Amino acid sequence: MFIEEYHGDGLRFDSVHNNPWDLLQYLTYNIHHKYPGRILISEIVPEVPAVISEAGFDSTWIHSSYFDSLKLIKSKPTNMGILKSMISMHSGFGHSINNLKYML
Numbered sequence: 013m014f015i016e017e018y019h020g021d022g023l024r025f026d027s028v029h030n031n032p033w034d035l036l037q038y039l040t041y042n043i044h045h046k047y048p049g050r051i052l053i054s055e056i057v058p059e060v061p062a063v064i065s066e067a068g069f070d071s072t073w074i075h076s077s078y079f080d081s082l083k084l085i086k087s088k089p090t091n092m093g094i095l096k097s098m099i100s101m102h103s104g105f106g107h108s109i110n111n112l113k114y115m116l
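Numbering (this note's numbering), first residue to last: 13 to 116.
Derived from the structure by calculation, the hints contain no laboratory data.
Check each hint, because a few of them may be wrong.
Unchecked claim - Label-pair ranges, simulated between beta-carbon atoms:
{"no.": "1", "residue 1": "K86", "residue 2": "S108", "range": "24 to 30 Å"}
{"no.": "2", "residue 1": "M92", "residue 2": "Y18", "range": "40 to 46 Å"}
{"no.": "3", "residue 1": "I85", "residue 2": "H19", "range": "23 to 29 Å"}
{"no.": "4", "residue 1": "L95", "residue 2": "K46", "range": "36 to 42 Å"}
{"no.": "5", "residue 1": "K83", "residue 2": "E16", "range": "38 to 44 Å"}
{"no.": "6", "residue 1": "H44", "residue 2": "P89", "range": "20 to 26 Å"}
{"no.": "7", "residue 1": "K88", "residue 2": "E66", "range": "39 to 45 Å"}
In this text, all values refer to a predicted model and were calculated from it rather than measured experimentally.
Just so you know, even glycine gets a beta-carbon here, dropped at the ideal spot from N, CA and C.
Produce the entire structure from the sequences given, and follow the hints as far as they go.
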């Protein structure tokens with residue numbers, strides 16, 4: 013497995029919304045059990061906090077922040093509302109570590 017062979021500190025699961033919920037719960041539980049301390053990141057559209065609390069992920073990639081960064085680059089003058097949403101915690105998540113935002 014990637015975590016053992018490459019000493020990975022976590023895994024990102026793409027397109028979580030296209031997978032059965034019970035499969036995700038099974039995978040996250042077993043990975044956390046076998047590799048404690050590893051971070052499991054989900055990519056789900058739309059971004060919903062339930063993927064953390066119910067499916068067992070540690071964090072969610074906030075897909076919309078990438079598109080917000082593109083809008084911000086094009087806005088003249090700088091749209092402070094977009095900038096604020098990019099750097100603040102995403103709505104509904106309990107802790108800042110639960111949502112990952114990539115700007116570009």
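Of all the hints given earlier, name the ones this structure violates by number, lowest first.
3, 6
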